[in-house]
Each structure stands twice: as C-alpha cells, then as structure tokens.
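Visitor: Could you build the full structure based on these sequences and the hints that come with them?
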Amino acid sequence: MSTSATIRTTRIMEASSSGDLAAVLSILDDAAAAASDDDNDVDNDVDEDANDSPGGDAAASEIKALAAAHDDVGIDDDGVDRPRPRRPASPPLTTEAPAPSLLGTRRHLLASAQDESTGLSPLMVASRAGHVDVCRALLDAGAPWNALDRTGKCAGDHAVEGERWDVVDLLVEVGTRSELILGASIRLERAIEGEGRTNDAVDASSSSSGGGGGGGGRANASTSTAATPVSHEPSTKPSYLNHSNVRYDAACTLLLDDDDDAVMMEWERPIMEAHATVLTHGGRRGMRVLNVGFGLGIIDSALHMHEPGLHVIIEAHPTVYAKMIADGWDKKTNVRICYGRWQDEMPKLIAEGAKFDGVFYDTYGEHFTDLEDFHDAMAHVLNVPDGVYSFFNGLAPDNLFFHGVACNCIKAQLSHLGLDAEFAQCEISSNAADADETWKGVRRRYWHGRSAYYLPVITWKKDDA
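For what it's worth, the working numbering labels the leading residue of the sequence shown as 656, then goes sequentially.
No lab work stands behind these hints, which were simulated from the structure alone.
Among the hints, erroneous ones may be present.
To be verified - Have a look at the derived ranges for each label pair, beta carbon to beta carbon:
id, residue 1, residue 2, range
1, H1071, G807, 31 to 37 Å
2, K1095, N900, 16 to 22 Å
3, E828, D1031, 35 to 41 Å
4, R791, P1002, 40 to 46 Å
5, E928, R1105, 31 to 37 Å
6, G817, A1090, 48 to 54 Å
7, N900, T658, 55 to 61 Å
8, T806, A1009, 28 to 34 Å
9, A1009, G1073, 43 to 49 Å
Said to hold, decoys possible - Okay, derived cross-link-like pairs now, DSSO-like style, lysine-lysine, Cα gap no bigger than 27 Å in a straight line:
id, residue 1, residue 2
10, K1117, K1010
11, K1095, K1010
12, K1095, K1117
The beta carbon of each residue, even a glycine, is placed where N, CA and C say it ideally should be.
Guide: Quick look at the structure:
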C-alpha cells in the first residue's frame, strides 16, 4: 500500500473509533479531492491520458493498494467453514476507469478498508463504540454493512456485543434495504434471461428443486471444484431433481444428495414437532395442512399425529417419492400426495380452490427468490383469517446478525401480501445439532453452533377496526 493510502487508512480508523465525525468526513473528502486533483484534466472519453500521466498512475496505484488491503482481508484461509455473505460489488479497480469515477471509488475503498491483521474496518470499530453518525457517514461513503473481520464478525455483531442498539437498528435497516434491492435485481435478471416463474419454457429438470427437505435458506453446497472452497460454494442446487444418488441411511435419520450434503437430518425433529404444533393451531385435530418438501418425513409424521382433516404433501424428487410410497404414505388416512415441483402443483391447488389452515415450506437447494415466489402462491391457499404459514428457518444460519437481517427481509416481503411475521424463539439441543457424530459423513454443515431457533409464525394481518 502506498504511504498516502496507509496514512489515510490509519487516520480514518482512529477517527471512526473515537467518534470524530468531522475528521471522518474530512478524511473522506481529502481522498476524493486527491482523486480529483490527480485526474483534473482527464477527459471521460480518453482513458489513456489518465494512464500516461504521472497523476493518473498515482491515483490508480493508490486505489489498487487500497483495494488490495480491502480484498486481502477476509476469512478465506482461516479454516472457518462458513458461507461468505453476499457483499456489494466494488467499482472497477483498473487504470482504464474514467477519471470522474476515481473520486467515488477512492471514498468507497477508504471507507471499506480493513486492517490486514484483524480484518477490522472503520465501520466495525465505530459500530462497537456506538458512534451512529460516523457509521451513517461510512455507509453513505460505500462501506459494506456485511464485511467480516478475521473472527467472522460483521459490524452488526460488534454493535450487538457493545450493546449499541441505535447502531444495530441502523445496520439492520441498511442491510434489509440492501438485500431487498439485491433480491429485486436478481429477480429482474432472471426474468430477462427467461428464468422467471411465468416462463413456461423452463425445463423442469434444470430448474430449482421443489422437493426434499431443506429449503428456506439451508446453506447447502453445490458440486465442489478444486478452485472453490466448500464454504464459498453457492447454496443453490438447480440440478437437485436430477441427482440419482440421493439416499437415506440405514436408520432413516439422514438424507444425503450426490455431493454428500445433507438434505435433512434427524436432529431437526424437535424443531419440526414445534412447527407442527403451530401449523395445527396448538395441536387441534381436523386441520387442513399442506407441506412442501417431504425429506425424511419428520414434519409430515408430526402433522399426522394431530389427525388432520386433509394432509397434502408436495414432493418432487423421484427417490424421495418412491420412499414415501414404500412407507405407505399414499395409504394413510386423509393424505394426498402431489408428485411434482411446487411450481407446477401449487397452481393446480389454487385452481381447485383448495384452502389450508396450515402451510409449511421446506425445500432443498432453492434460491431465496423461489421462497418469495412461493409466498405469492401460498397467499392464495392460506385460509383467511386464521391460517398459519411457516418454513424451515435456515436463513444465514452461521451469523446471528445476518440471520436477523434475513428475517427482517421476510417480514417486509410478507407484509406486502397482507401477512404479519413473528419469529418465536425455540431452544434446540446443542449436542444434537453440533456434535461431531451428528455431522459424520456430511460434507458441509448447514447449522452452526446456535441453540436458539427462530420459528416463523406467519398470519394474516388483523383488521384494527
């Protein structure tokens, strides 16, 4: 890193830690001014002039140095097995960038800089100290709300540990807004590429899975490659329905896919039993219930114990469906199996006018936009006004702050459909969920060291009148 970049980084870290808002703004402005001076006479359309001038070289060199300090800090090689959270894309860091972009780029990189040894950023130290105005200024300058230090903590974690609740509120607000915008952009991109839910040309064999347990945010990996660490692989598996080696263990306590990633596991049973109680309105008999994703059949067994009046199960994977038939689920009282993707089966139920007192979603390998799409369909079959909807809440399972932001995004999305979302805290056995023996033979965990599970309870908004 160049001397000037190092000095600026040190100064902004110190100012952020002490809460000196004026100094933080001054340092950011100085960085922008330096970028402007370096490229004062560069025309937007003549990139080579910036490269040929000493000032242009200096500006680009410092930006690259700041970028290196930013990108080199992370937890890629610390041995921690966790998925990398989505991060906002940085501006192009090339000497060919038009000169005016250097101003914003340098501010962004300075606000995003991280200490090489600790991974701490200005936003993290300001968050821990509770300097909400400094945090807001850094975020406005482009500091990523979800960057991680070398211990795997983000700014929100530091704010929570310091009990800086005004900062926590700010970061949750920023994180939620960022994720909702990201989700909207991904949905738009999928629609443009012809992958939207209304595109009838999508081949079911290559689309997102609708069956098996494990959706709602389980962090399962795609096929591993030598170049990509397991912990950084995408969490979606569009080809899951084509996996021929999906298999149950002898005791039927584990369901694995082709990559030895867990589709569903026995330790989830207490969670599923709690879901079943909520979905049957406290264990009432005669309820009409719908479950999407059979997996090990844990949730369906729990629901069936409450003697539902109608029990519909949507399952898409042929191996799982065959297991259901072998176990006699097609002959159980009041059970109806819909074999196919929920994307195909839900419209049929809607056309029939089917209504349910409880709806549960627990698919495997789907994208978070698929969950949003399901919500649109679910709203058509959930009984008004007393229906209850829930899903397996494996959203961002390895970081409690990210988990909170994800839950807040769900609340916002469901609110637009006229639904209220609450998250009931349930204690789960840490021994069952975290024991090495539990995860033996599983390539990657989808639950990390938490004894609290936040069970979604989604109901229709009540008329205040």
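Visitor: Take the hints in turn and mark each one as holding or not.
Guide: Hints, verified against the model:
no. : hint                       : result
1   : H1071 to G807: 31 to 37 Å  : holds, 33 Å
2   : K1095 to N900: 16 to 22 Å  : holds, 18 Å
3   : E828 to D1031: 35 to 41 Å  : violated, 25 Å
4   : R791 to P1002: 40 to 46 Å  : holds, 45 Å
5   : E928 to R1105: 31 to 37 Å  : violated, 18 Å
6   : G817 to A1090: 48 to 54 Å  : violated, 32 Å
7   : N900 to T658: 55 to 61 Å   : holds, 56 Å
8   : T806 to A1009: 28 to 34 Å  : violated, 49 Å
9   : A1009 to G1073: 43 to 49 Å : violated, 19 Å
10  : K1117 to K1010             : holds, 19 Å
11  : K1095 to K1010             : violated, 41 Å
12  : K1095 to K1117             : violated, 46 Å
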